[in-house]
Amino acid sequence: MTETRTTLREHEGDLVVEAVDHVAEDVVALTLVDPDGDALPPWTPGAHVDLLLGDGLVRQYSLCSDPADSRVIRVGVLRAPDGRGGSAYVHEQLTVGSTVRVRGPRNHFSFVASPRYVFVAGGIGITPLLPMMAEAEAAGADWHLWYGGRTRSSMAFVDELAAYGDRVTLVPQDESGILDLGAILGAPRADTLVYVCGPEGLLTAVEATCESGWAPGSLHLERFAAKETEAPAGGERSFELVLASSGVTLTVPPDRSVFDVIQDAGISVLGSCHEGICGTCEQLVLEGEVDHRDSVLNEAEQAANDAMMVCVSRCRSDRLVLDL
Amino acid sequence: MTSPRRAFSSAVPSDCWYALSPSDAVGRDLLAVRTVAGPVVLYRTEADAVVALEDRCAHRPYPLSAGSLDGDAVRCGLCGFVYDAGGQCISVPTQPRVPFGASVAAYPVDERDGVVWVWLGEPGRARLHRVPDLPWLTGPGWATVGATEEVAAGFLLLHENFADVTQVPFVAPEIAPAVLEGTPPPLDVVVTETTVELHRRFPPAPMPAWQAGLVDGSHRDLATVQAGFFVSPALWVDHWDVVAEDGPVARLRFTHLITPVDEGRSRLHWRVSRDFALGDAAADTQMRELFADYYARVRIAMELTQAVIDTDGPGPEVNVGADVAGLRVREIVLAMLADEGVVPLRTRPTT
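Quick mapping for you: the protein sequence lines, in order, are chains A and B. Position 78 of the first sequence, counting from 1, maps to 78 under my numbering, and the rest follow consecutively. Position 88 of the second sequence, counting from 1, maps to 1088 under my numbering, and the rest follow consecutively.
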C-alpha cells in the first residue's frame, strides 16, 4: 500500500455581518451569521476565532456570545490607533452585510469547573470572560468580576453586566484608580480559580501577585499580544528535527522556523498567527530541550517540556523529536 | 509512540448529552438504564414528556424502576415513598410530613429524532450544550433500520474505530465496498474546538452487491463521497453517498449513538438510514441482518482491544498519518475531562 495523503485543517467559512453595535468608545461588537442560516460550529467559553481580513491580515478575537446559540457568534473589537491594521479594518471596512472569512473556533483559555471564581478584566479583555461568567452563573458557582478600564465610557458590555448586580465591580481608572490586585485576589484559596484577560501590564501584575501562595493551575490568563522575547546571544542555531509518526528526519536551519520546515516537507500541520499567541500549531514533544518563545504556555507548562508552539519556539539541544 | 496529550483515557466526560434510549422504548412503564452517572429510571408523564430520575430510592437502596407509576409520580415498590417528576419526595406512607431534603436526582431531558437525550452532568450547564439534530432518523425520504449492542469496551475505542473506516475490510471483508479495497484516497480532516470531520472521495467503482440490488442504475461505476463526524462523545455519524455527475444516487447515514455505561463498557445504538428502496420491507430485513452482523463484528473487535488494555495497559502505540482524526478525538475528550476537573489541564508524562 502506498502512502495515504492526510491533510489536517481548521474549520473555515465565510460569514456575514448581521449587526455592528457600538458598545463603547472605540469598541464595536460584530454579530456574524452563516449566509445560508446553517448552524455554526460549537464552542466553549474562552474560545476564539481568526478573522481573515484579506492580504494575509489575520487577527484573533474571543467569542463573547452564548455558546448555546448555534445561529450567531459575536466578537468585540477595540480600535487600536497604533494597532497592526486588523482593528482599523474591522472598524472602517466591515458593515452590516459584509462578508468576512472566519477560521476556528479554537480554545486555549479553557474554562475549568470550580465552585468559586475571581474574574479580572482589563478593557477589551472582558470579551472571553462574558461566556465564562454566564456558565459560572448557570452552574451555581460563587464568582466576582473586577473590571478595570480607562473611563466608564470606554468599557464595553457594562449594560449586559448590570444583570449580575453586585457580582460585578466596575473600576474606571479616572474615577477609582487602577485595580488593587492585592485586595482583589486576597489570600490564596484552594477552592478558587482566577481568570484574567487584558493588557500585558495587568497580566504580568496578576502573575506576580499569584506567585505567592496560589496553587499551580489556579491562574488562567490569555494574552492578546505576544510577550517580548529575546533572541539568544550569538544568534539562532541549527538543529535536527525528527517527526516520529511520519518517520522523517529534517534539519531546521537558523533562519527557518520549525513550522516552516515541517510544511516544506509536505506534512500537514495547523498554524495561524505565526507569533506564538494563538496556540494553533502546538505540537507534542517527545525528546529535546525546547527553547520556548511563545505566549500561550505558562511557566509550568513550558517547564514540563512536553509541548511547544512550532511557529516561534526552537530547540536548545541538537535533536528535537515531535509526535507528528 | 504517543504523547500524553493524546494518551488513551478511559474516563468519561459528564458534560455531554447522551442518548439513553430510543424514544419508542420509553412509555408508561418504568425503564431502568445503567449510566456513567449511576442508575437512571426513564418514563413518560401523562402529557407524554420523558422523565429521567436517579433510580434509587432516597430512603433505602431499592430501585425506583421496580416500583410503579401513580400519575406523573413514581412510587417506591419497597417503602412507598412517592417522588414527583422533578425528583422531589411528595409523600411517605408512615407520617404526614415529608422528610426534609428527601429527593432523588432529576436529569435534564431532550427528546428529538426518536432519541431520548439525557444530561448527566451539572444540570445548570445543560443549556449551554447543544443536542445534536439527526433528521434522517425519522424524517421523510429516509428508511432506517437499527438495533442496540452492549459492548464490553470503552466509548473512546468505538469512536476511534469509526474514525478509521479503513479498518472495515479487515473487520468485515464481505460488507466492505470495493472502494475500500484499494489504496485509500487523500483524507481531509477538518477540526474545530470540539468536533472532528473527515472527508474522502473514492473514485468510481462497483457498489457492494447488497446495495447494487437495491439501487436503480447501479450497473454504472460511480464515485463514493464519505464524510465522518465526531459530534460529541455521545455521537459519531458517517455519510456514504454514491454520486453521479448530477448529484447523489444513493445516500446512507450511519448514526452511532455511543452511550458509556462505565469506563470499560458502552451501549451502541446503531442506525443505518437510506434514501433508496423506500417502503421496501425486504430491503429493511436484508439491511437489518447485514448490519447487525457487521456491528456484532465491531463489538467483538472492540472487546478484544479492551481486553488487551485491561490486561496490559493502553500503551505503547505506533501512530500513522491516517490516525490524525482519532487522535484529535482523544485530545478533545481529554480537554473536556480537564474542563470538568477530572484530569489536569495539560496531561503530564507520568515519569
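I should point out that these hints are in silico values taken from the structure, not numbers from a laboratory. No experiment lies behind these values; they were computed from the predicted model shown. One or more hints might be untrue.
Claimed, not checked - Interface residues of chain B toward chain A, partial, derived using beta-carbon atoms under 7 Å:
1) R1127
2) V1189
3) G1279
We put the CB at the ideal spot given by N, CA and C, even for glycine.
Comparing the hints with the structure gives:
1. R1127: At 6 Å from the nearest chain A Cβ, B:R1127 passes the 7 Å test, so the hint holds.
2. V1189: Given a least distance of 5 Å, the restraint on B:V1189 holds.
3. G1279: For B:G1279, the interface hint is violated, since the closest Cβ of chain A sits about 30 Å away, which is over 7 Å.
Violation of the numbered hints given earlier is confined to hint 3; every other hint is satisfied by the structure.
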